Amino acid sequence: MDGEEEKMTEKFKRPDGRKPDELRPMSAKVGVVPNADGSAMFSFGDTIAIAAVYGPKELHPRNQRDPEKGTLRCNYSMLSFSVSERIRPGPSRRSMEISKITEWALEPVLLIDRYENTVIDVHINIIQANASTRCAGINAAILALAHAGIPMKNLVTSVSIGKLNKNIVADLSKEEEDWEEGEGATDIPITMTPNGELTHIQLDGKITDKQLKEAIELARKVSKEIYALQKKTLKEACQNVEDEE
Amino acid sequence: MWRMKNKMLTANITGERIKQYLAKGKRFDGRKLDEFRDIEIETGISKHAEGSARVKIGKTEVLVGIKMDTAAPYPDSPDKGNLMVTAELLPLSSRRFESGPPKFEAVEIGRIVDRIIRESKFIELEKLCIKEGEKVWNIFIDIYSINDDGNLLDAAAIGALIALKQAKIPKYDEKKEKVIYGEWTNNKIPLSKDIPISTTIHKIGDSFLVDPTREEEDISETRVTIGRSGETIHSMQKGEKQFLKIEEFYKVLEISEKMWRDIFKKLDKFLK
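Sequence order for the protein chains is A and B. Numbering-wise (the numbering used here), the first sequence opens with residue 1 and increments by one. Numbering-wise (the numbering used here), the second sequence opens with residue 1001 and increments by one.
Hint data in this document are derived by calculation from the structure and do not stem from the laboratory. Nothing here was measured: the structure is a model prediction, and the numbers come from that model. From the three backbone atoms N, C-alpha and C, an ideal C-beta is built for every residue, glycine too.
In silico PhoX-like pairs for lysine-lysine, Cα to Cα no more than 20 Å straight-line:
| # | chain 1 | residue 1 | chain 2 | residue 2 |
| --- | --- | --- | --- | --- |
| 1 | A | Lys100 | B | Lys1241 |
| 2 | B | Lys1171 | B | Lys1131 |
| 3 | B | Lys1258 | A | Lys213 |
| 4 | B | Lys1203 | B | Lys1024 |
| 5 | A | Lys69 | B | Lys1241 |
| 6 | A | Lys100 | B | Lys1203 |
Derived list of chain B stretches under chain A, where covered just means 3 residues or more per stretch with a C-beta under 8 Å from a C-beta of chain A:
| # | region |
| --- | --- |
| 7 | 1104-1117 |
| 8 | 1229-1242 |
| 9 | 1246-1255 |
With the rest of the complex left out, here is chain B (with noise of 0.2 Å):
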């Protein structure tokens, strides 16, 4: 449904050009296809957030909080921590989202980071029950859009790991088995060292690129969202309606490889 909306705000003939850009492997914007916008990161953007964190990549922008509370295990996992996943996608942050229950696009955001996350057992959350059985951590990731200039999903796995990296465990009254909100304690959530990083290709023609634009992104013909740590994928899902020939995936393969570095890269001094 939206896919239609987005082509009456990207109109054909823009289309068109950005299409007859990639052909000779060039951007609107002067980037290589294979090449990332410059991040910028910020931490602490709320005081009763565990963590939180402001990701910008380029003009695309997302706030990601953490909140902790207790609760009963689910029944599969007596003696872990839950995590929850949600994304919103804010009227304020572009003229293609309204205001009502969430649609497809940000359940499906909130839904692939949450895979990110939780297949590559990034937070150990073994080590988030308090009894078994009976009482366990809650790690709630909410992920709110602020500008949408593009590649939303891989700014917000980026914003869930930085907001994860700074968040502190808040303080438990044993006695009352009830959180004190406000207070926390000197412990950090309990993180692996394998850095999940969501790495999204698009396939536009017959070139495939990274990173896109709003525009670029509207005429996306298919995505790959792959979450890697290193030489290990831990999560994929491909979005959109179009074929990709095995040779052509496994092109992917070796540009998300590629990506996960870059990325890395960027993100080292925000990661220590």
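Looking at chain A on its own, in the form it has when it is part of the complex (with noise of 0.2 Å):
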């Protein structure tokens, strides 16, 4: 039974023509927007999000300050003409959600103790969607803030972890979200550090628990290439600076 299964999935085709563990082509960028103090691009495929970091500044209204540490404030939105139909702008339901699940993957990471009574304005637009925007505006962020030099324990990679029909697959693109053969299509987005500890997860489909076990071993398994690509892009950074100096 199980040799079968595992034919299947040697079979399975995915619609790009990927292998299962295989990302779209990735690229990130940092220093995109000059008058951020710190700023980023990533992408999966086509889908391309933007982070522009301000602060630690003073938080207003006052009220809001928390004594006791830096307030990490982050702002998902999708630019209109990002997907076919236009999106209306301004902040919906579901970008109020993504906005604070991004603050919530960002911010186990962060050193912001010692920035008491500020905050820090994370950014995040997508520019052109194909999938996995939460995702990408995740890696972007976190590229951000280390390029606007907040303190921070370690990186965290996001990845949209697929079961497509019995399949588990690597960043889903939008035809694969939308898969509806056999069990349909799940999606499960997934952020952690290098150390494989979890800052975010979130699931839509359908799934056993054996099933989504195999689904964290592959976005560990993946997040390793992401995690390379962010080291290599705030090396490179880095270097340019030190260059330029």
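Two chains, each in its own frame: build the complex with the hints.
Structure representation (structure tokens):
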């Protein structure tokens, strides 16, 4: 039985021909918004996110200040023309939730205790969307925070793991997200540190506990590639600064 | 933002004491860490609702009502009814809640309950089409908090489930293409047999617990809400800012499965 299942997985063809554990081509760059204290772009294939950090700065109104630590405030938003059917500008319930999820995904690694009474604003905009936008947004945001010099214990990496019918795959595209054959699509965006500490996980679809564990193992595996790109991007940015000096 | 307020409402000294208790596997109210409070359910709380339920989990209380009307379908689902879930945290239910536009906490409860029901395909939305591409049923699930003593999330999801089970479809005038309000058919909302239940597990220190009281929820470091029907997970959301190691997450999955069984048993007589 197991053997048969394995065969099925081998035969399974993703719509764009990728292997199950193959991410779309990624690219990352810091310094894309010169005005910001830190900024970055991150893309998975056609999904492009940019993030800009302003702060730490004074938090207004004053009654929102936390005297014990700094406040992280994320704002995720999709540009109206980032998808085929225009999105009405302004906040939606979805974008409010993703903003909060992004804060929770990032804050565990940030050392913001020492910035009491201040706020760090992270603005994330999706320029072009082809699924996995929150993951691209989180990857851009952590790079922008590092670029802004916010001290952190570690980076976090974010990736969407999917289950298409019975097949576990990494980095879902829109076409895959809309998968209808068999058991349909299950979408599991996951954010973790390189040590395997989860800071974010969500799930929509249909999955057993055993398959979910497989999905997490796959996330752990492919996260290494994302982490390598993040590190490379930041190192090169430091190198460029040194060269200019 | 509201976490700060919470801290002020549950004194640090109380929080410390809760943690000391938990470390010994004990809770203030004598429950085990994985023990859900008693669930009390009352149905038919509004004559004007298509279906309604009052759910009490200990001192926590929510009201959930179902209303239906008709509308044009969404372009991406021309032959399916629409589902809308909203939650309102009434200022009357806690000093933590204020009037005004919905805050994140309310939005999150609405969205999580929405996904627990939608992703499990509990409502057979394809059976709620009147005329493909033109007219379908809307189902509104509205959740209100009446008293907040923790775990509004699981309470809201239970309320939605029971209210849906109760709901009858209103009469529909085909000539005028209008709903006849106040008159109902004998038809219930078509539901699947798999019952999706919200199982929220909180982590405080090294302890995992279910169904927190308000004080416990205030000091919760992270939580995972899993919507499952038996062996199948349909939706999940991790909340709050604290790590969860992968092994810890696997433990959460185990607790969730046991919790599903417990809650299902408690709800059994209301679901028949």
